[in-house]
Every structure is written in structure tokens, then in C-alpha cells.
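Whenever a hint applies, use it, and build me the whole structure from the sequences.
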Amino acid sequence: MPFAFKMYRMYSQELLASISANQRRVTTFNVNDDPLEMQRLHSVLGPRTLLGGATLMADLLGGVDPELRQQRQESVDELRADSTTREALTSGLSAVAQNERGLLDFLDGRTDRYTVPRRFYNAARAGVRVITDLAEAVDTSKIETPLLKSTLESLAGYADSDDAKFAVGKVYLTPAGLRPHDSAWRWLPPTRLAYRGSSITGRGLLVGLTSYGALLISKGDTNQAAAVTEATQQAANVLPDWQIALGLSGVMSAGVAAMVNNTGDAIHGPMFIDPVRKRWQADAGLGQAFADYSELDVLQSFANFATVTERNGHDVYQPVVESSDSPYIRADGLKNPILAFTRPANQVTPNDFELTGMTMLTGPNSGGKSTTLKAVLHSQALAEAGGPVVADSFATTPADFMHYMVPGAPNLVDETGRFGYELGELRTVFERATPHSLIGLDDCMDGTTHQERIEILGDIVRGFDTIGGRTVFSTHATELVQQSAQNGIGQQVQVEFKDGEPTYRIIPGVSTTSHADRVARIVGMDRDAIQASLRARGYVE
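Counting with the working numbering, you get residues 85 to 625 for the letters of the sequence shown.
To be clear, the hints were calculated from the coordinates, so they are not data collected in a lab.
Take the hints with a grain of salt, since some may be wrong.
Derived CB-CB ranges, DEER-like [unchecked claim]:
#1 M609 / I540: 28 to 38 angstroms
#2 E220 / Q575: 52 to 62 angstroms
#3 G622 / R502: 33 to 43 angstroms
#4 R605 / D118: 23 to 33 angstroms
#5 G608 / G504: 25 to 35 angstroms
#6 D610 / E158: 46 to 56 angstroms
#7 K362 / T550: 49 to 59 angstroms
#8 Y623 / T597: 29 to 39 angstroms
#9 S410 / E563: 50 to 60 angstroms
#10 T587 / E158: 36 to 46 angstroms
No residue lacks a Cβ here, since even glycine has one placed at the ideal position from N, Cα and C.
This is the structure:
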């Protein structure tokens, strides 16, 4: 299968859902609801192109190798410091994004060759041109980091290739095949082209179409004349510039009239469009160009994210990811990256963490437990993809498996109910967990009696603790957390609560109340609010 074609099928928008559902490293249950908000994180990072965005998602879900991670960090730092290069890349990638779909549809064969292939062909040529323009947008002599420089130089190399030149100027058919405008064999006569049994010359086709258009205009058939005129212009663009020779009578034959009835598109499909498509599908240079601008888009996304976040007053840090037989996360001043991108520094609370095994997190409703869990997992994903995190410092070891689980509703055919449904999902996670995993369990395993829940959760906690991976269990089951503390299982931390309000800071200890009354007042379902509603509607006096 041609390389460029495989690139599109691998990274097409239609397959992003299946990429997310079959990730190598990250799982999010329920995956359709995306509770970990990986799509939201992806949107905050803001990739511009389809292929760049899909590459970024795949890297967030799967991570990258250590060498690429280090090179990305260096290149992102250079882009953050060089606003001129950053803005040039932003503009060039935006142009690629506007033309990318047409090129990919063309390569994917999503055209009907007997209806409107010319529109897709022109869109594809425009797509290649903006890719080559991107290579010229940045002065590589000023670039210092190896990854950024080599990627731009590789893209510039493609811009000089014959296959890229098919997108600029005229395309010629020669006995040796297609040739771009600057290397055509102009001393040869035009290649004889056959279509539907008619044998004609290239220049004769052009003259014949012109003559036929004039005849239609003289008869008042302006709609058909406009179609023929458009076909004539297309023929002039793709046919060699030869002196007018033979072919008028052949062009005016019934066979050519049938071509004209297809508004000129069918003329160019077999003669020019299909051969160009095949060349580009098989062109490893175009496949590499896809990979190059996708990498540039990833670097630009990380750099823009860091720039905006710093503009909001947050500290941005290039994380340290190192291999170790004893997995850990050590973070100072860690913030949720989505909140930091959208809010000023005084509205996002930083937290310090050291995760080495089981961590049990308690605290009030709406106190920030879920936000904290997501901050840890998002930062791990960013770090392993080579991106920056929002923190004063962040050091971690790679996670071979990441998972975030929230309570989910069973489907209609599930006979075990919500509790059984969640247990089934959790079993899948447990079977994949290793000492190098990073797992967040967010207030799961409800739907049964309190005592039975505590017993089963206790077994689950001991199981994960025995494996030894980094597991954060956010729960309101304070009895279970206290028992775990007495048995020396993991560490116990809580969301701080002062003066009736959460501070969103994580401190040692166990929270013994969920402050549900506060949440009830906020949403208007406390006792006073319920009675006021009943009185207003006449149910009570």
C-alpha cells in the first residue's frame, strides 16, 4: 500500500475514535464519555492540521521514545524564545490545515473519476503547494535545535523534488511518463492520448474545445459553453505548449463530444489526474512531508500552550522523565494544565505530590479531588509526549499503563447492575496493572450496602497495593481509608477545608466529612430551597 495513502488511513479523523479506544498506554472509562478529558487537553494544545492533531493524540496516549522526547523539549524551548519563528510556523500550518483535507481526500481516492475529479485534483495541488510554502516560511539558518532544524530542512528537500513540482505550473505527458514543468521533454511531439476509442493529439484537443465552445456560444447555449470554456482552461494548464497541428476533426468527433458532455472532467481523469494521484500515493517524499509538518504542528502546539500559560502568570516546566526500577512522581507546584491555559494564576491552586505506591485521597464534594487526579495524569501524558507541564518542578518515570476510572452506568443488557458493571471494568484495569502503572480511581464502587462496599474496596486496595504501581484512589469511604492507614497501606492525603470552603490544596490526613450540605446549597437542593420551591408552586403553605 502506498506510503502516503497509509498515512491518511492511519491518522484520518474518522479513525481518531478507534485510536482512542485502542490506546497503547492510556485508557479512559467510559471511553465514549472521555472522563479524563484527553480530547479537551488535545483541544487546549491546539494542533492546526489533521495529521498533526492525530499525531499529537497518539503521542499523548502512547508516549514517545526518550531521544525524541528530549529533542522536542529543546525545540519547544527555542520556539518559546523565538516569536518570529513561532508566528511563521503558526501562519504556515494554518494554511496547510485549510488545504489538507482536499489533498488527503485526493490521495484516498475519494473522488468519482467520471464526475468531478478536477476539483479534487486542483485542491490536491493546492495542498502540496502550501506544504512546500511552509518549508520556505522559516529561515533555517537561525534554527539551532536539531529536531526543528532537520524537520524544516527535510520539508525543504521535498519542495525541490519532481513530485512536489507537479503542484506548480503545467504537467506534461511524455513517453517516459509524467514530467513537471521544468523538466519536460519539449523537443518531443505531444503524446497521442486515447479515450473512449478516440485517438487525438493534445494540442488538437485544446483547439477543438475552443472551437466547440465558440460554436455553442453562437447557438446561445451559454451553460454548456461555460462548461467547455472551463475544460479548455484546464486543458491549457495540463497540456504541453506545442504549435497547433492536426486534430480538429478528431476533436469534433462524437467521441470528443461525449467527453465534453462530462464537462471536461473525464478528459483529464485518465490522462493526468489518475497518473498524478498514483505518483503521489507511492511517493515516500510526500509521506515524509506529512510526517514533517505533523511534527512541526506538535512542536508548535506545545510552544503555544506554554506561551499562553505563561502569559496567564503560571510557571511552565520541562519535566524530567527517567527510567527507574522504583516508579515515582515528584511534583512541586503542579497545576491542572487545562485550567492553567484558561485561567489566571490566582484562580488555579498549585499542589505538591510524591507518588510511589497507593495514595488514598479524601475530601469534600467539589473540593478539587477530580481536578487533582486529572492534573497528575495529564501532566504524565504531556511529559511522556515531550511537552511542558504547569509546575515549579516535575520528575517522573514512564508509565506502561495509565487509567482513569469514574463511576459509569451499565448498559441495558447488563444483568449485574451498576456495581457489577464497575467491578467488571475495574477487573480489566487490575489485570493490566503493573508496578510501573499510573491509575486514578475516582470515587468508584457504589451501588451496594455500606459494609459490603467497604469489604470489597478493602480487597481491591490491598490488591493494587500488592502490585505496587502508582494508584490514586479518591473516595468518600473514610472508614476504609482509616483502616488502610492503621494497616500501613499507602499514604493518606486530603483536600484542605477552611472556614466552610475548600482551599483546593492537598495536605496529609483523612477527611471525615464530604460537606454535602454545602453542595446542596450551591445547587439549590438543600432543605430551605426545597421548601421554598414547594411553597412557590402551591404544594405547601
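Evaluated hints:
The beta-carbon spacing between M609 and I540, approximately 30 angstroms, falls within the hinted interval of 28 to 38 angstroms. Between E220 and Q575 the beta carbons are some 55 angstroms apart, a value that agrees with the proposed interval 52 to 62 angstroms. Distance hint check for G622 and R502: the Cβ-Cβ separation is about 36 angstroms, which falls inside the suggested range of 33 to 43 angstroms. Checking the proposed 23 to 33 angstroms range against R605 and D118 shows it holds: the Cβ atoms sit about 30 angstroms from each other.
Look at G608 against G504: about 34 angstroms separates their beta carbons, and that is inside 25 to 35 angstroms. Between D610 and E158 the beta carbon distance is about 54 angstroms. The supplied range of 46 to 56 angstroms therefore holds. Between K362 and T550 the Cβ separation comes to about 58 angstroms, which falls inside the hinted range of 49 to 59 angstroms. Hint check: Y623 to T597, Cβ distance near 31 angstroms, so the stated range 29 to 39 angstroms holds.
The beta-carbon spacing between S410 and E563, approximately 31 angstroms, falls outside the hinted interval of 50 to 60 angstroms. Between T587 and E158 the Cβ separation comes to about 37 angstroms, which falls inside the hinted range of 36 to 46 angstroms.
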